[in-house]
Every structure is written in C-alpha cells, then in structure tokens.
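Quick note on my numbering: the sequence shown kicks off at 27 and runs consecutively.
Please keep in mind that the hints were generated in silico from the structure rather than gathered at the bench.
Just to be clear, a hint being listed does not mean it is correct.
Stated by the list, open to error - Below, computed lysine-lysine pairings styled on BS3-like, alpha-carbon distance capped at 30 Å: (1) K641 - K602; (2) K602 - K620; (3) K522 - K509; (4) K47 - K34; (5) K616 - K522; (6) K641 - K620; (7) K262 - K242; (8) K228 - K100.
The structure displayed is predicted, hence computed values, not measured ones.
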Amino acid sequence: MKNKITNKYKVELVDLEYYQKQISCQNACPVRTDARGYVEAIANNDYEGGYISAREPNPFASTCGRVCAAHCEKACRRGKIDAPITIRALKRFLCEAYGVEAKSHLPIVRDAAKGAGIDLLRKAPGNAATIQSFSQLSLSREKTVPDAARVAVIGAGPAGLSAAHDLALLGYPVTVFEAVPDAGGMTVLGIPEYRLPRSLLKAEIGEIRDLGVEFKFNSRLGKDFSLADLKKQGFKAIFIAIGAHKDRGMEIEGVHLDGVLAAVDFLLNANMGYRIDLGDRVVVVGGGDVAVDAARVAARLGEVYELLAAENLVTAVDAARHALRLGVRDVHMVYRGAREEMRASQEELEGALEEGITLHTSLSPVRIIGTDGKVAALEVVTNQSVYDAQGRRSLVPVPGSERLIECSSVIMAIGQESDLSFIKPEDGITVTRQNTIVAKDATLATSAPGIFAGGDVVFGPRTVIEAVADGHKAARAIDNYLKSGQRQVIRTGWMKPVPREILSRPEQHERPRANPAKIPLDRRTGVSEVEMVFDEEAAKKQAERCLKCHIQTVFNSDLCILCGGCVDVCPENCLKLVPAESLVGPEALKELTKARYGETKETGGVPSLGTAMIKDETRCIRCGLCARRCPTGAITMEAFSFQEQLV
Numbered sequence: 027m028k029n030k031i032t033n034k035y036k037v038e039l040v041d042l043e044y045y046q047k048q049i050s051c052q053n054a055c056p057v058r059t060d061a062r063g064y065v066e067a068i069a070n071n072d073y074e075g076g077y078i079s080a081r082e083p084n085p086f087a088s089t090c091g092r093v094c095a096a097h098c099e100k101a102c103r104r105g106k107i108d109a110p111i112t113i114r115a116l117k118r119f120l121c122e123a124y125g126v127e128a129k130s131h132l133p134i135v136r137d138a139a140k141g142a143g144i145d146l147l148r149k150a151p152g153n154a155a156t157i158q159s160f161s162q163l164s165l166s167r168e169k170t171v172p173d174a175a176r177v178a179v180i181g182a183g184p185a186g187l188s189a190a191h192d193l194a195l196l197g198y199p200v201t202v203f204e205a206v207p208d209a210g211g212m213t214v215l216g217i218p219e220y221r222l223p224r225s226l227l228k229a230e231i232g233e234i235r236d237l238g239v240e241f242k243f244n245s246r247l248g249k250d251f252s253l254a255d256l257k258k259q260g261f262k263a264i265f266i267a268i269g270a271h272k273d274r275g276m277e278i279e280g281v282h283l284d285g286v287l288a289a290v291d292f293l294l295n296a297n298m299g300y301r302i303d304l305g306d307r308v309v310v311v312g313g314g315d316v317a318v319d320a321a322r323v324a325a326r327l328g329e330v331y332e333l334l335a336a337e338n339l340v341t342a343v344d345a346a347r348h349a350l351r352l353g354v355r356d357v358h359m360v361y362r363g364a365r366e367e368m369r370a371s372q373e374e375l376e377g378a379l380e381e382g383i384t385l386h387t388s389l390s391p392v393r394i395i396g397t398d399g400k401v402a403a404l405e406v407v408t409n410q411s412v413y414d415a416q417g418r419r420s421l422v423p424v425p426g427s428e429r430l431i432e433c434s435s436v437i438m439a440i441g442q443e444s445d446l447s448f449i450k451p452e453d454g455i456t457v458t459r460q461n462t463i464v465a466k467d468a469t470l471a472t473s474a475p476g477i478f479a480g481g482d483v484v485f486g487p488r489t490v491i492e493a494v495a496d497g498h499k500a501a502r503a504i505d506n507y508l509k510s511g512q513r514q515v516i517r518t519g520w521m522k523p524v525p526r527e528i529l530s531r532p533e534q535h536e537r538p539r540a541n542p543a544k545i546p547l548d549r550r551t552g553v554s555e556v557e558m559v560f561d562e563e564a565a566k567k568q569a570e571r572c573l574k575c576h577i578q579t580v581f582n583s584d585l586c587i588l589c590g591g592c593v594d595v596c597p598e599n600c601l602k603l604v605p606a607e608s609l610v611g612p613e614a615l616k617e618l619t620k621a622r623y624g625e626t627k628e629t630g631g632v633p634s635l636g637t638a639m640i641k642d643e644t645r646c647i648r649c650g651l652c653a654r655r656c657p658t659g660a661i662t663m664e665a666f667s668f669q670e671q672l673v
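Make a model of the complete structure from these sequences and hints.
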C-alpha cells in the first residue's frame, strides 16, 4: 500500500502461506473448508464434487449449512466490492442433494490413513453432471487394534463428537459420556428446531455412531463418575468437552421470583419438549444469539404444543397456523447498548423483528417486580454513553428515566459459563478466573497428563464450527500423545495454468447477492423451518459471483519488457510499476533485490535501478485481461491448490 508522505510501498513476498491467505474464505474457516472449491463446483454443475469438498473436513456439514456463523462470508473478498457470496446457503444446497438429509445420500468415505479431519474423503469414479446422479462411495477406517488405547470423550456436543469421529477413524475405541439423554450438546439443546431440524442432526450423529463410537447417556461428570474413575476403567486419554451450560445470572432484586428463567435452561426444556408456562407477555434480557433464539422460541411456544399433539406434521402446521395462540402473545427484548452493538447475528435479529418481537435498546434492568411471588413487571432504566479523558466509553443510567415493562416472565440471556465443580485438586487441572479450563492452544492439552479439553469449556461460548475445529485438534493431539508424537501435518502447494474461459466474466461481477427465500410470516409456527433452500438455478447464479481467489496472477520478470500494457488494461487499477527502491518489506525482500540488481551504497543496500510490479490483491477480480494484453507472455493466470496431510 502506498504511503503518500514517503512514497514507499509496503509489500509481501509470495510464498505458500501468502497464497493460502488469498483464498480468504477457506483461510477464515476454523476447519479450513474449501468453500471456494464447492462454490466453483456448483457453478460448474459438479454438485457431488462440491458436496465432498464441503463434507471432507466437517462431520457436521449439514448442520453448518443451516446454523454456521459463516466466518467464510465475513472474510469473502467479494464483500469488499459489494456483498459476499452466500456461502452457507450454497453449502446447504449441496447437502440437500447429497448430505444426510438427501434421498441420494453419499455414504461417508473415510481413509483414516490420511489423517483425522484432513483430506479424509476419496471420490469414487463418477462425476455428477446433474443434481440427480451420484456415484457410491465406500466406508473405510483403520482397523481397531485389539490392544489399542481406549479414549473417553466427556460431552456429546460438536467438539466432543468431532473428536470421537476422528479418533474412531484412527482406530481408537471411543466412549462418549453425556449428561443428558441425547447427543448434540447445544446444537440440540440450545438451537431451536425452526433453525436446525432434529432429524438432520440425529442423522449426522448417527453416522458418528456407525463408526463404532459408544455412547453413555445420563452420565454426568462429577455426579455419576469422576476423572479418576475413568482412569481406573482403563482410559488412556480423556477429552473434556462439556460446553458452557451454566447461566451467569444477574444479581438484581427479584431474580428469584417465579417466572424468571435462565435462557439456557429455557431453551433446553423447550427443545426437549417440556411444557413451559410463560404467561402471555415475555421479556428477554440480552443481545446475543441465545437471547434472540429465546425470544423467537417464546413467541412460538403457544403453538408448539399443538404441533406435539398433532398426528402428523402437515396436520400440525395447519393446526398451529389456525389455532388461537394458547400461550405467549407478546415478546420483548431488552439490550443495554445500541442495536449495532448487539452480538447476535443480524440475520437472526431481523427475523425476530419480522416475527413481531419488539426490541428495546439502551435499556438496563434495574429490578424485577412481583405480585404474590410471581413476575409482574421489569423495571428498566435508559443508558447513555459517557467518555472519560482517555476516550474510553461507558454506559451510565439517565437519572429519572426508570420505567416499567409489564410482563409475566423474564428470560435472562446475559452469558454462560461452564460448571467446573467436578474438578478436584488431585485431578491436577488448572482453571482460570473466568471459570474455564487452561489448555495449550496448539494441542488442547491441560496441565494434567493425558487429559485434554476444548470447546466452550476452554474458550467460553463460541460457534459450532469452532467447536468442530477443536474436536479435530484434540483428536490429532491425543493420537500424537498415545503414539509419542509420531504424526505431523505436512502442507504442500502447487500451481496449474488455467484456460481463459474459466476466468471471471463482467456479467458475473454485476450480479447482486441474493439470500434464500423464507417461509411467509403466517407459516412461521412451531418447528417449521424458516429459511428455504436455493433451487438449482438460483444456486448457480450465486456461485458464479465468486471471484475465484485461488487463481493467481503470476509474473515472470525474465520475459517482462516494462511496456505497461497490463497496468493500462487493468479495470480495477490494482497493478503498478514502481522503482525497486520504493519497496519496503521483510529482510528477504532486500536479499531478493540484491540478487537481482546488485547493491549500491547510495540506497543503503536496495538498488537504485530496477522496476518492480506490485499488485493490490484486494482489488483484483481475476479477469485475466493483464495476461491477455501482455505481448511476451510474462503474465499467466494459474490456479493455486494446497493440501494438508497428517502423516
């Protein structure tokens, strides 16, 4: 980037890591899903290949097609031009075709010799040209050695299940201990069914069970067994992934009244099908995704019981749609800051507002008022921003701004933490002041030998895909621990020239982002899934918006004649020819220019002669006009690929 004062350009040297960072969607994904790969596969009608790219590093691909935080979209370079690619929705499109929810489901393919969570799928002969055709894939896993070390996983959420998945593929006998009667963790207990169908989640968990993983439900750590008990039973490694299911609470007057609930407990009971009497007017306190989920579930609560009582889903939806709302009639959300400061997904928040939920911002709870021991109202106060001498902002109440919001229930959604009461001094596990377990970032190993921890219990509440990444990391670390560090990750990368016809076309750059349609408001009842899936035409159009960030502009300085034609023809002005002495970068840059041009004292080691071609990667649209314009063939467009293998 140019510095106007010094007329210098800060540059990076190209290497494997540099090229990986250019594929920003994949680089941002915690499990390094090749989002670019499956988006391009959709554009090329290779839906089967696209599904394999989406499923390869992620045992919860279908789940993530619906509820992923979509780090890839936030990093998508198309978003710097107009709006990011609808990557999550495109993943769902592929999973609807070949995932666990599909009629033409591809059985999971596993070649565990290649590693845990890295390059696990092998494609059999067959290249799908349409969404209807697919080729069978076969199951394979490393043989379980009779005396293989047994591994215990505590917690059947995304982190624990992903670790169990990978460890089973590596040949270990795995037992998963879960405190509640079902697997899934917060994906089943905390995410509403209108966002994540339970049949889909059960199918994904079923595939992990089919790998030979043993489950022990209703087994709570600290109550039904201890870490010492597991060691006595012969488990050689333990992975703690119990999540963060304990409400942080808020110490204000009235929190113990009948009708005050913790959001986590409310969602757990609602998702388990238990009847909850909230009355007719509910206030949810908080600004995160849990708060929004709680508000939207509360709004549906009156209709859920009609659904549960109906004989079939069609009848249930009709009954719910036309029945009088039996329970909640009014839902309010209260957040202490401004709307733009809320941590909740803006997409989910907008969905809540569409459904009639009222949002109050810049309000803080003061106390909960009760009548005969039951909630009657929430007293709130208006906040204002105040800045100190250092410019630090704080929220302070406005005197005299107190008011009441009448309600029958208050749901507190202000944060979660883990219950670590199971840890005993003799366990040797270090915890933080924030009530999380201390674990090494690279291996998730705790201070106790053979005990690993990951997910929310280490990092606090995070996303599903981050939990999956922790599961992969833990499995690799446990494998190394049990085999004394015999495996390591090897990264390789390579380039391949691409034909002109696969480069971006101008009409694709002008195509706007489109989101999947949602069901009408009058049908958003009970468990009805709100977001719909793209049809084939819409998916292809959205996939074609991709800027193909894996395609790189490769310059051969030996052929360049410095004519400047490439600079002139570039529609985004991302190329520039500059004096070599104007470059600023790592020490390796100085060594490179020395080797090319020699050294002069006047420039302190950087040559005063010579010209450099620099490129602004954020602006490049991979149109290939520079390569076409070059009269000597000094510029080529080449596709970068890389592979990570556990060997």
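Hints versus structure:
Annotation: proposed proximity of K641 to K602 holds, straight-line Cα distance about 6 Å (limit 30 Å). Annotation: proposed proximity of K602 to K620 holds, straight-line Cα distance about 21 Å (limit 30 Å). This hinted pair does not check out: K522 and K509 have alpha carbons roughly 37 Å apart, beyond 30 Å. Note on K47 and K34: the hinted pairing holds, with a Cα-Cα distance of about 23 Å set against a maximum of 30 Å.
Of the pairs offered as hints, the one joining K616 and K522 holds, with about 29 Å between alpha carbons and a cut-off of 30 Å not exceeded. Distance restraint check for K641 and K620: the Cα-Cα separation of roughly 21 Å lies within the 30 Å cut-off, and the hinted pair is therefore satisfied. About 18 Å separates the Cα atoms of K262 and K242, which keeps this hinted pair within 30 Å; it holds. Restraint check for K228 and K100: the C-alpha separation of about 29 Å stays at or below 30 Å, so the hint holds.
The structure fails hint 3 only (numbered hints given earlier).
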